[in-house]
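2 protein chains.
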Amino acid sequence: MTEYNAPTRDMNFVLNEVLDISKYSNLPGFSDVSPDLIEAILEEGGKLASNVLHPLNQSGDAEGCTRHEDGSVTTPAGFKEAYAAYQAGGWQGVSFSPDYGGQGLPYIFSVAVSEMMSAANMAFGMYPGLSRGAADAIYAHGTDEQKNRFLPKMIAGEWSGTMNLTEPHCGTDLGLLKSKAIPQGDGSYKISGQKIFISAGEHDLTENIIHLVLARIEGAPEGTKGISLFIVPKFRINDDGSLGERNGVSCGSIEEKMGIHANSTCVMNYDDATGWLLGEENKGLRAMFTMMNEARLGVGLQGMAISEVSYQNAAAYAKDRLQGRSLTGPKAPEKPADPIIVHPNVRRMLMSQRAFTEGARAWMYWTALWGDMHHKSEDEATRQKADDLMGLMTPILKAYLTDKGYSHATAAQQVLGGHGYITEWGMEQFVRDARIAMIYEGTNGVQALDLVGRKLPRNGGRAVMTFFGEIDAFIDENKANDELKPFLDGLSDAKADSAEAVQWLMANGMQNPDNAGAGSMDFLHLMAITCLAFAWAQLAKAALEKKDSGDAFYDNKLKTGQFFLDRILPDGKAHLAKIKTGAASTMSLDQAAF
Amino acid sequence: MTEYNAPTRDMNFVLNEVLDISKYSNLPGFSDVSPDLIEAILEEGGKLASNVLHPLNQSGDAEGCTRHEDGSVTTPAGFKEAYAAYQAGGWQGVSFSPDYGGQGLPYIFSVAVSEMMSAANMAFGMYPGLSRGAADAIYAHGTDEQKNRFLPKMIAGEWSGTMNLTEPHCGTDLGLLKSKAIPQGDGSYKISGQKIFISAGEHDLTENIIHLVLARIEGAPEGTKGISLFIVPKFRINDDGSLGERNGVSCGSIEEKMGIHANSTCVMNYDDATGWLLGEENKGLRAMFTMMNEARLGVGLQGMAISEVSYQNAAAYAKDRLQGRSLTGPKAPEKPADPIIVHPNVRRMLMSQRAFTEGARAWMYWTALWGDMHHKSEDEATRQKADDLMGLMTPILKAYLTDKGYSHATAAQQVLGGHGYITEWGMEQFVRDARIAMIYEGTNGVQALDLVGRKLPRNGGRAVMTFFGEIDAFIDENKANDELKPFLDGLSDAKADSAEAVQWLMANGMQNPDNAGAGSMDFLHLMAITCLAFAWAQLAKAALEKKDSGDAFYDNKLKTGQFFLDRILPDGKAHLAKIKTGAASTMSLDQAAF
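Those protein sequences? They're chains A and B, same order as listed. Start counting the first sequence at 1135; every next residue gets the next number (my numbering). Start counting the second sequence at 1135; every next residue gets the next number (my numbering).
Only chain A is shown next, with the shape it has when bound in the complex (with noise of 0.2 Å):
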């Protein structure tokens, strides 16, 4: 049986003295936000993440969800009551809007909380997690009528939301979309077509289930120009707000997949179903895609948090198994053997582990805040950078974080041997959890190319000179700081390999976009690693402020940054080396020789 206790010590760190929030407290939701009720909030979160949603994480995985003949579906025994354990928490409006029932806490609070719920039970998070991108499309492209028709229900987990884009021949190419949108006059549409891999698509955890659809009006241009995104309710709704009649959805089947089977994956079957139209017509990839940078910073959250978990549960067993003798000598004589843990392999793996985990942490809450100013702040100026540092940093985040938290989730498993194969002891399913997090809201190859395809040359690299310019402000400012010395050399010598593959890309990119792409995974990567170097240097700074405190979270904090920078950092040159080589090995073989 595995274990989950949320960290909330260093996410009390990170948003107390590495970010320090209270300095925010001009922007709206953040001047009641003292450490006390952030501490409050992560106590509670983590409560019910340890106590009520991770017990059924192994159950639930070992039940999946299941249909039943008239096309309703069942989550796993406990779901219905966790969600109403969730629901009754206030949970799900965290960082939503007042105005719809929300608390109107900053977004970053929003992420802690996600943070917590994909680490105690990632499948459980999900029903939830694609509700609020649901609201989050309605409140920003919907029209008052509908915001109020549809936010107060979702907004207070009564009603539970869905994205519909995949079909089966068109994933990534939205273009390829057929399902169909056929104005009724009313202005309503009837929508028929097929949707495939839609999680959360049908279950029992709420009354109503509000799917968003991509789908084609009749007469529509063709390719990604004439998609229109609409809103197709499970029950329609009358004018009084109670349930109505059936609507023309129903789930087809659900999927058999290697992993989240407590998430219920669905095929959609829209047939005549009645939708009303979300945003403008032709314009609805635009509207899919505000709700797409949060949603890919969820996925890259669950990457983080799997690695925080199945790090807790590998390192609980490397304490506790014995076997062998510490090269150094017995470290327990009085036992048959010593615990694995004295073993550095073991601990290499370990400290990987929190290396990540810990960096990531920093990094994404700090991609938070600027998630909040860049909605939040009355600084035109602010709201740009942030939109541009939130835009760069979305695709990274989700592509690493997810790429690491699976090969981190892996090495977790490694930790124990035999034992991590075998299902009971749960460590396997924490691998085939996070498998899917590099596929979904966009693969992670998707993601590089968004990366060096769009958001590397916008604005002729606006986005990124910012975000180097914010690496060489900081560099500046702490350059006098002798101990921090370390972290700064080490921030700066990745931002110049960052910098180098940017000039590189942008100057043989022009020449065959085929070098770009080529190079899309290493400089993400690069990118990455820069990101956890400036990560790690602020926290380092935060903790050296501390270390004479006697508290060991310091001193183990700058060890386990020491850690960072001898063993993940060194990737960077390499990542630097093979983007160079540009694309003609890879483009070198004709399709016939595969």
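Be aware that one or more of the hints could be misleading.
Because identical chains cannot be distinguished in the list, a pair is counted as satisfied if it fits within a single copy or across any two copies.
Unchecked claim - Computed list of lysine to aspartate or glutamate pairs in EDC-like fashion (alpha-carbon distance at most 20 Å, straight line): (1) Lys1465 with Asp1724; (2) Lys1469 with Glu1356; (3) Lys1707 with Asp1627; (4) Lys1681 with Glu1151; (5) Lys1707 with Glu1634.
Hints were generated in silico from the structure; no laboratory data involved. All values derive from a computational prediction rather than experimental measurement.
Let chain A serve as the given structure and place chain B on it in line with the hints.
Coordinates of chain B only, in the frame set by chain A:
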């Protein structure tokens, strides 16, 4: 539905053109080996793999093995018939001594056949694979009476075999082993104890199962010096060779696990089971390790094999799936979109698999050829050199090929996007199956420790110096070959990095053994990259000799080799940099901090 086509062209190329095994006709078993015979064996083996074994791979995973109330175990539908076909083809005895009914072909053929079986159906391949290991141990350590009693039936595939090492509290650290053996005065022993994770421990493929069991004879010393190896047949064997009464060994349960569902992973209970000592009293570990070298190579082979089969299916999908357009303009303008193989990042994943798998195959076969020389050469110096090289290569091949086999299976799954996560497409099974190979036969961390702690320092570093000498000689022999220069330069560079790492480890591991442990996995990967560079230099040399043949095979080989130089070789420098940071940060935290 996945497919598998044995890469017989590539296998033939390595055997005939790269290694030129006709040169070894002075060795027993090699004299009859003509290129025609090689081709015939590979073709026949390939047919069995593709047409009989592979079609059962997904169904076997879905059905798994079933344990019945009486302790008997049924393999998935079709396995009995497939095993009968395997047995009828004489595949079990390919490289076994003709004295016991084998065909006496070189070991390298057994490796090539194993590759195909593992790629086609890894879970199936484990049944005969473990039997070969058990037969090897009896051949090496058994009395004439034991050999005559067991080997003919095992070589014919009528009986299978297992290896019983692990106990609940005792995996890597066999010194903790508790199973007991009580001498009965008639040469037999009563064996009692519980063994776990016993692959193929019970099944319905053969009429008898010959268990090799580690146990401690009553009164034997504690630790690893008091462990003996026993032969414990499921059914006792009458003097006329017929099967006698059931022995006191039974399958208590089958483990539920992440993958290889079609192989029964058993808890085996020994309850006064009758067994006979194999080899010397208290020297059971030595006997077990004799066969473990080849077993470990077999596991490495599984990693490479899964990379091959997952590559084939990913490549087929990438040529078929239409999504998006090439960055350099439409390549299939007549279609609604280009096949995704036009995208550089998809190519990068596929080329990485090719460069790994083709290099690994040459490296593995090269090592297997040393295995043949070790057993069969009449020259004492050659036998010792071969033994040194085999010993050095074994942990590197086991760990690197399984680490990369898993990550490449993951990449192949990634090529399919969302479909990769869905069970029916079969890609996620490759990942789940590949995962175990990093764990069993000694976790990869144990391999890394074997490398730096035993294989490297033994005889003053003779093995690694021998290996470097082979590289130097190759470079020197070919230095006039201008077209080979990029490969020789890459090899020379990798070798220099490996040599630097060896020096660092020798100097700093002596001073603090944790320095060697902390760098062990990076060193193993650095050595592996050097081995691949050596393999690619040999592949490129052979391909260059035919480059004017007009056969694209050779040109493609050179291009894939260039990709290796561009995209895999650069990782070596990162490994070296990490090794040289030592153990300080890895070991810096108190245990309590984890």
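Evaluation of the provided hints:
| no. | hint | result |
| --- | --- | --- |
| 1 | Lys1465 with Asp1724 | between (58 Å within a copy, 12 Å between copies) |
| 2 | Lys1469 with Glu1356 | between (72 Å within a copy, 14 Å between copies) |
| 3 | Lys1707 with Asp1627 | both (10 Å within a copy, 16 Å between copies) |
| 4 | Lys1681 with Glu1151 | within (13 Å within a copy, 64 Å between copies) |
| 5 | Lys1707 with Glu1634 | both (11 Å within a copy, 19 Å between copies) |
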